[in-house]
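A.B. asks: Top to bottom, those sequences are chains A and B.
Per our numbering, residue 1 is the first one in the first sequence, and the count goes up by one each step.
Per our numbering, residue 1001 is the first one in the second sequence, and the count goes up by one each step.
Heads up, a few of these hints could be off.
Stated by the list, open to error - Sample of chain B residues at the chain A side, in silico, Cβ under 7 Å:
1) 1246
2) 1333
3) 1336
4) 1339
Simulated from the structure, these hints should not be mistaken for lab results.
As the structure is a prediction and not an experimental result, all values here were calculated from the model.
Beta carbons are placed, not taken as given, at the ideal position from N, Cα and C, and that holds for glycine.
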Amino acid sequence: MSWIAAFTEALGDAAENVIEEAHDEGNHPFVRVRAESIVEAARALRDKCGAEMLHQISGVDYAEHMEVIYHFTRVTRDPGFLCLKVSVPRDNPVVPTLAHEWRAANWTERETWDLLGIRFDGHPHHYRILLAEDWVGHPLRKDYEPPTEYHGIDCTQ
Amino acid sequence: MSNTVSETPAAANPNPSQIQGVKLSGERAVPVIPRDIQTDELVFNMGPQHPSTHGVLRVVLRTDGEVVLEAQPLIGNLHRSCEKILENLTYVQGLPYVDRMDYLGALNMELGLVLSVEEAGGVEVPKRAQYLRVIMCELNRVISHLFASGQFGLDMGAFTPFLYMFREREEGLKLLNMVTGGRLLYHYIRYGGVTRDITPEWAKLCLAWCDRVLAHMPEYDNLLTWNNIFLNRSCGVAILDASTCMDFAVTGPCLRAAGVKRDLRKDMPYSSYEDFDFEVPVGPFEKGVVGDSWNRYRQRLMEIHESLKIIRQAIEGLPEGETQQKKISRAWKSPPGEAYVASEAPRGEISCYFVSDGGKFPYRCRMRGPSFQNIAVLELCSRGLLIGDLIALLGSIDITLGEVDR
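With the hints as constraints, model all of the structure from the sequences given.
C.D. replies: Below, the structure written as structure tokens:
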């Protein structure tokens, strides 16, 4: 049984409300879940499908919308990656935080906020991590314009 | 004055962060020092130019005497937005930038990106090129582990073993230089293969180097591993247990030293690692407790043995054939698709979430830097440590700031 089938089974009746799309083919199977159900989905993945580690959180700017991609991994048995995706609107990208479930989410969510401007609701320490706190804009957005000057430092060179 | 442990010093001694622009999280350790010798709390910077922070890591510490109550790593001093750079360059142009992320394990970082792109693009890699990748990456791993172990000794106050380990490291770098033309940054692994083949003469030199490193291992053990001062400084210090590692997504030698047998070279073999016979050492080792600083140090030395085994097997079993897939031209671009492939680098698991829209440039390359995830434990695990032991934690995690900040 693929992890997607196990995941759908683990969610039970809630599956209809949580899952938007399941993509079980190709080299990168994933499940797209509703943004507000990400915590529930991640808990089911951990408790029922053995996803012990939150390997990576990535954000992608798709011009019309934005996506947050969670890669989980099983460690003790049957290693492999499990992927959840969340789509958020570009003008108000907000996703509930996973920092209370996995502490690994703390820094990676901060990085996603810093570079892509996706907010994580309920994050305990929601600040920029790589860039300075007074930096304007989020560099990994596709329409980002780099500043010409930062505190008197010429950035055009 | 009573000699009891204070419950919370925060109320008695409110001391806001004295460093402008720094927001400490406010979670802190309960001090272990009896009240009558408690001193004023101090907030100060460790780094970003402190030699034992291994680069430009800045940690803001709140201390009570010698005890760390709270530590906040502040990263980003080396941030170059590599992911943005990769989005603005063609596939072939972008590759050398990846080297700069992890400058101590550059070949492994290259492999991390290349594997994902090849998976998404459906690129077949010739068997000989796969073996060459394995040889070079394992060489790079041995060199990186020698550096890390020597540096850890240095952090613990042992200067001499550092020089001994650097002697072998320098010879290894010369070997890499002969093949790739670069000492630390190689640009050797390309999409669909590698740039240069090795010669039989080089193979002989490499095997001789492997023997030499192996012969010197007891020397390192005598100088450092079983040194009583070093043992006292690192055994039982800064323990990272398995559940903390899983929680923080700590991978690589730190996870294995905590007793978890996870090595992607064995668990999800890539680049023909399934052809080689090697063990995955896991903690606990002879001294200390599972997951302490000494075990993390020991883990790296044990892994050097296994890497040398792999290099030997790969050189002896090197298949004939091409070193580069001929179809990959300078203007090659990946068809639309996405992939997530992880590989085992010296410091942990490197992976790349790669998205292509079929255009000239990659649409998104999200690199996972293992050091970024590993250093996040500092915030939690440094609470209650002595400042000297914080250095033991930092040194034994083995970070590269280039990859933390990317």
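A.B. asks: So, for every hint listed, does it hold in this structure?
C.D. replies: We went through each hint and held it up to the structure:
no.	hint	result
1	1246	holds (5 Å)
2	1333	violated (18 Å)
3	1336	violated (11 Å)
4	1339	holds (6 Å)
Checked against the numbered hints above, the structure violates hints 2, 3; every other hint is satisfied.
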